[in-house]
Structure formats: C-alpha cells, structure tokens
Amino acid sequence: MSFRVASSPHGHIQRKTSNVMLAVALACLPGIATQVWYFGFGVLIQLVLAISAAMLAEAICIRQRERNALLTLKDNSALLTGLLLGLSLPPLAPWWIAIIGSVFAIVLVKQVYGGLGQNLFNPAMAGYVVLLVSFPLSMTLWLPPLQLVEYQLTFTDTIMLIFTGYSETGYSLAQLRVDLDGFTMATPLDTVKTALTNQQTYSEILTGKVFSDGYGIAWFPVNLAYLVGGLWLVQQKIISWRIPTAFLVTLFTLSFITHIISPDGSASAMLHVFSGASMFGAFFILTDPVSASTTAKGKIIFGILAAVLVYLIRNWGGYPDAVAFAVLLANMCVPLIDYYTKPRTYGHVSG
Amino acid sequence: MTPLQDISWQGIWKNNPALVQMLGLCPLLAVTNTVINGLGLGIATLFVLLGSNITVSVVRNWIPNEIRIPVFVMVIASLVTIVQLLMNAYTYQLYQTLGIFIPLIVTNCAIIGRAEAFASKNSVGLAAYDGLMMGLGFLLVLVVLGAVRELLGSGTLFAGAELLVGDNAKTLTWVVFQPDENFLVAILPPGAFIIMGLLIALKNKYDKRIEHIVVGEQEKTKIERARVTLES
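Taken in order, these protein sequences are the chains called A and B.
If you want this note's numbering, it's the 1-based position in the first sequence plus 6.
If you want this note's numbering, it's the 1-based position in the second sequence plus 474.
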C-alpha cells in the first residue's frame, strides 16, 4: 500500500480560482435580471463596458509585467471586478464612467499592488468610490424604475443616452428623471435622507411613490434577488456565512434600535437591510477573499465593523448609501483584525 | 563630471529633493492642483533655498556646532518672511491661494537638509549653485505634478496665470479639452498622492537608462541609497 504525500493546503474542495470567480458571477444573475427588469438595458451596457475595460486593462498590465496575459485573464478575476463595478453604476451613466472606474480598479488598486491576491482594497469598490468622489453628479443620477417613468426608453434610446447624453428624441438624462406626476425621483435611501433633512417625518416619507410597495419600489426585489444568489454561494461554501450574517444582523439591530427610539427621525430596519447595496454588499462585496478578513473570528468582526460604518454614514454622513466607503474602511482594518484573531495552533495553550 | 555638473545632476535628477529624498512633501502635495500654484510655491522655495544656502555658507565658520540647527532655522525663517512679504505685495492673489503653505516653507526639510548637508561644508559659490539646482529640482516636480493634476482634473493648463504675472497673462490659460465633469480626484489630495507615486515609479523605471546617458559608463555605480547627505 502506498501513501502519497501531498503538500499543503489539504483542502477537500478542488476548486480553481477561475471556477470560484465564475460561480460568484453566476450568483449575480438573479440580481442582474432584476436590475434589468426595473432599470432597463442600461444595466447590461454598463456591464459590457465595465467588464471589457477591466479585462483589457488587466491584459495590458500583465503584458507590461512580462507575464502570460491569457493565463491570467482565464482566472476570471478581472471579469468579476468589472461585473461588480458595472452593477454598482447608475444604468444610464455616460460611457466613460465605467471605463475610468474599471481601469482605476484594475491598474491602480489591483495590479500596482502586485495583482490577484495582493491588493489591500476591494478593486471594484475602490473604483466605485473614485467615481463617486470625482463625478458626484453622474454617479447619483438614478432613473426611476421603468414602471414609473414617463418616457419609456427603447434600446436605441438607452445606447444613445449612454454614449451621447441625449435620447433619440433629444431628452437629456435630467429631463428623463421626472416621473409620471412630474416629480424628480431618487433612490429610496436618497429620498429618506433628503426628506429627513427637510424636517419630514418617516411616516410622511413612506406615503411617497417610491415606497408604494413598502420597502422601496424596485430596490426591495433587487435586494431579494441578491439575497437568493448570496444564499446559493453560502450553500456552495464559496463564501463564508460569517461575514454576511455579522453584517446584516448588526445593521438590522442598530437600525432597529434607532427606529424604536426615534420612529419619525430614522428609517426602519427592514428598509436599511433591503435597500441600496445592503444585500449586494453583504454577499458579493464584503466576502471578497482577498481584501476581507480570513480568520473565523476576524470575519465576524469585519462584518460588524462594516455594518457599523454603513449605519453611521447612512444616518449621519453625507451620502445616502455607504457600502463602498464602509468596505474600504473595513479593508484597512483587516491586517489588524487578522493579527489579533489568529487561531490557536493545535497543541498550543492559549495565546 | 566636474563638481558643478555633479551638483546639477544631483539636484535635478539623482538626488531630487521631491522624488528621491521625498522632502517637503506636505506643500508639494497640498498646493499642486494647478501648474501656476505649483510654479508659485516652487519659485518661493527656490528663493528661500538659494538665500539660505548662501547665508549659511557665509557664516558657516562662525557658528558653534552645538547651536547650528537653531541658527539655520532662524536664517530660513527670516528668508521665508521676506518671500512672504514680497508675495503679499506683488502677487497678492497667489499669496492668498497658497495660504498657509508659504509660511510653512520654513518647515520644508529640503531646505534645512541642504543647509546642514551642503552649505555648512562648502564655499559660497558652490553652496549657491547647489541651492539653485536643488530648488530647480523641487520646482520641476511641483510643475510636472501640477500640470498632470490640472490636465486630468479640469482639462486646462496654466489656468490662473494672471495670479503670477499680471492680468495680461489671462490669455495664457490653455484649454486642452473640455470635460463634461471635472475629474475631481485628480484635484483632491488623494490624487496628489496617487500621481506622485506614479511619478516616482516612472522615474525609477527610466533611472538606469538616463543615468547611463548622463554619467556614462566609465564611472562604476556603487550600491546607492536614497539619502539626504551627499557623503555617506
């Protein structure tokens, strides 16, 4: 009988990086479908732009570093970065937004640090934050869901809006934002934030059209879809359950307490958990194997930290949503968290 | 290389205060959002550096070693005050734009570094030339960084030239392209850090090749470290 000695790691799941990346991309599909259903073809065009720019940038960087570009592209990590960034962009943002964001994410956030596995920050979110800080206007222009807009956009309209800034009939993005009743629409979190600063109470805000289905039209189903995809990833053991659970439970608890204390001055816990990028962030962004914490205890601390930051920025910060900022700030703490949560080696006493 | 050539080579490339010694980064990163701001601060620093090198070199034999640093700081502070008052008088708007960063030239380590490392050990002529070259090296980085940031951020070059050389220069502003929205990160402080890092990377990439052209092959290069002093 021969005992073959294999070197570590002795993992039982023989998954390659490329398969993991592809599985995460597949798990996004329900979310993508829902986003397309509510926000139109713009979502798909942004995805194509972001993914192709990310892969091209990756290929050029790898060539510059004198490595095999084809081999690196096959690990699908650039594809996933482009995908995640493309999904976070407003569907009708001008074309150069997706390109600048992807190139920044790949070149300056990933390759400059040494490529896959070396980056300190989540590339997609760092790219998103650069875009949000640089182009605040374009990055916050979300059209109302298709079901509420006055002018129905055709596929050609969408393409023309993204590449020229005007639809086929000559409407600009700002004009198209107007809903059926002539009101400009914003995302649920944005609506809550603006209305609360205008001294409206939360119950008054809920009578608005954005909340006609309870937790924000379009955004509730989109978040549900990402929850479904995320649960599949957890079930497949591609991502750990610890980060999403810690994140969502903390966010829910904090906003629940706040809502109990001041029901008129803060949004409900359900709205916080099922709005904006909560689910997308919890399952797809925070769980990035490179930039997230790697120890079991560390993952929980990491999730809690991100949730606290999201909660703080959403309630008292300058931005309506905060997942990207929270992820980057939590990424910064990862080396520290990992250092203090090192698991005890078998046989060693504590410490 | 003759001593003079060597001083210029050290100041502008080999031992550049900003790219290699990484001194005076605070004003460097804070004010370089346009070429003109960078140029203004660069010229101010150049004058202070030149003046302090000359003064320190002149008095170098009368300063007791123990109190040389306070004396250098006093010399630099007086020169900065002169520059500050001059800018207040002649380029008032630029003076206001640069704000606190003009008085902060006092704390620019590049200046006290040159006083300590070079001027206090060399003759007046050499010290003056060293001040000029180090100042030029710093000025060049300020201008390049300002140009890249201004170009990326707002698509123009030399915007606000009238702040430096009078109203006639308004036409100098060169609109390279007109972006729909300004690329704000390039103008904000993070952009300064990122672009500065890229400039250093670019310098390191072409370092060997340029050194080969300038110095030639006959001089064997030793293992070099980034350092403030010329001697090690």
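To be clear, the hints were calculated from the coordinates, so they are not data collected in a lab.
Treat the hints loosely; a few may be bogus.
Stated by the list, open to error - Selected chain A positions facing chain B (Cβ under 8 Å, derived; list incomplete):
1) A65
2) V136
3) V139
4) S140
5) F141
6) L143
7) Q181
8) L182
As the list claims (entries may be wrong) - Just the calculated beta-carbon pair ranges, DEER-fashion:
9) B:I541 to A:E72: 25 to 33 Å
10) A:L126 to B:I556: 29 to 37 Å
11) B:I574 to A:G271: 36 to 44 Å
12) B:I541 to A:A302: 21 to 29 Å
13) A:N74 to B:E685: 28 to 36 Å
14) A:G323 to B:D480: 50 to 58 Å
Beta carbons: idealized from backbone N, C-alpha and C, even for Gly.
Comparing the hints with the structure gives:
With 8 Å as the threshold, the beta carbon of A:A65 stays out of range of chain B, its nearest partner Cβ sitting at about 20 Å, so the hint is violated. For A:V136, the interface hint holds, the least distance from its beta-carbon to any beta-carbon of chain B being 5 Å, beneath 8 Å. Hint on A:V139 holds. Least Cβ distance to chain B is approximately 6 Å, under the 8 Å limit. Given the 8 Å rule on beta carbons, the hint for A:S140 holds: about 4 Å separates it from the nearest Cβ of chain B.
Hint on A:F141 holds. Least Cβ distance to chain B is approximately 5 Å, under the 8 Å limit. Annotation: interface hint on A:L143 holds; nearest CB of chain B at approximately 6 Å, less than 8 Å. For A:Q181, the shortest C-beta to C-beta distance to chain B is roughly 16 Å, which exceeds 8 Å, and the interface hint is violated. A distance limit of 8 Å between C-beta atoms decides the matter here; for A:L182 the minimum to chain B is near 17 Å, and the interface restraint is violated.
A hinted range of 25 to 33 Å for the beta carbons of B:I541 and A:E72 is inconsistent with their spacing of about 55 Å. Checked against the hint of 29 to 37 Å, the C-beta distance between A:L126 and B:I556 comes to roughly 45 Å, which is inconsistent with it. A beta carbon spacing of about 39 Å between B:I574 and A:G271 agrees with the range 36 to 44 Å that was offered as a hint. Between B:I541 and A:A302 the Cβ separation comes to about 59 Å, which falls outside the hinted range of 21 to 29 Å.
Taking 28 to 36 Å as the suggested C-beta distance range, the pair A:N74 and B:E685 conforms, at roughly 31 Å. As the Cβ distance of A:G323 to B:D480 is approximately 54 Å, the hint placing it in 50 to 58 Å holds.
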